[in-house]
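> Sequence:
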Amino acid sequence: MWEDGAQMLQAVLDSVDAAILMVDSRLQVVLCNSRFGDFFGLDPSALIGQDKRTAITRDIKWRVQNPEEFEKRLFWLYENPEVTAHDEVEVSIPRRRILQRFSGPVFNKKQQLLGRVEVYTDITQAKSVQEEMEFKNAQLFLLNVAATAVNESLETDNLCKLFLQRVKQATGAQAGILYIKDGKQLKLAAATGTLLNLQKLPKWLPDLPDSRPFYGPEKQGTVPQSLACALQGIFFVGFPALYHQEAWGLCILTWDKMLPKLWLNEALFVNMGIQLGMGIHNAQLLQRARLNALQAGEQISTVDFTLSPREKQVLAGLAAGMSNKEIALNLQISAYTVKNHVRNILEKLNVRSRGQAAAEALRRGFAGTLIPAEEETEE
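The sequence shown begins at 1 in my numbering and counts up one residue at a time.
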């Protein structure tokens, strides 16, 4: 009867969709189901009667991703037999699996320690889904960071610095470099962080970048030749700022170690480059419009015919390159109210962006000003 019961117990354990292993108080393996053999690529019957510490050192640990940590962790638990632990183990052989491990003591009815049990559950698929969600969320966050930085300033210098600082922080890069279009070349507009070979960084790029992002130090993609020396031996990603397929800038982020898998995504940096290119284009368009308005000496505005007094104040803030928050603070109204005014301004001026609105206002000779905050209250 005892043998029949033991066989039935083994059959039940073998049918469970989890790896189960038990050791007695002397740390000898007394039970090991077939799923343990599947997960670790071992013959479970060959482990029965072995000292578990010897089995770990000789047969098991080199099958996992971090063998020394795996061994150290289990040995510590064996030295502290009453501790219960939950953790994860990444198996490499016979194939990659992410296992959730429970390890805990086993007692008899008299609360005497009989040994320990280890239960491994395969969570590879669930972990992959979680990692994919985290991956997508991180990318969406980065795109939002880039878009917000571009939209918060219409001054070229401020835009470059803000964009570079925020994207560097969001990606965990050590340093960032940003070039912008100046005539037929790109000039160095901003740099932040610890840059290797800073003295070799060219102030101008006579050779414009390719339309695709590029990575290094493997040099996947086309790196501008004048940058090759400064980027030698550095892990980096570079992406052009494009507007209508024309290069309006170039952003480069650098790391001191291998690039995280998260940022080896060409489509992500193509989209960021398009946002940056539009921002640089609009900022430079505004700058030229201001210069033209000053040179022409235009005094009569044709903007007044549709804008409300408050919208004129907001437009003056846009023309000054202010963000919604800055305009709201000056006028003592909410940023949400400013956002609504900006939307109305774009519709009335028949333009698509803040930069185009400011440029159109200057082109028409608009000379509105922001009323000091104390002179007007929230609408």
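Hints are not guaranteed to be accurate.
With a straight-line cut-off of 25 Å between C-alpha atoms, the simulated BS3-like cross-links for lysine-lysine are [to be verified]:
(1) K136 - K187
(2) K187 - K161
(3) K61 - K72
(4) K127 - K261
(5) K127 - K110
(6) K161 - K339
(7) K203 - K187
(8) K161 - K127
(9) K161 - K325
(10) K187 - K168
(11) K184 - K136
(12) K325 - K339
(13) K168 - K200
(14) K136 - K325
(15) K261 - K136
(16) K168 - K110
(17) K109 - K136
(18) K168 - K261
(19) K168 - K325
(20) K127 - K61
(21) K184 - K203
(22) K348 - K325
(23) K200 - K136
(24) K200 - K187
(25) K110 - K136
Simulated from the structure, these hints should not be mistaken for laboratory data.
> Can you give the numbers of the hints that this structure goes against, from lowest to highest?
Violated hints (numbers, rising): 1, 5, 8, 11, 14, 16, 17, 23, 25; every other hint is consistent with the structure.
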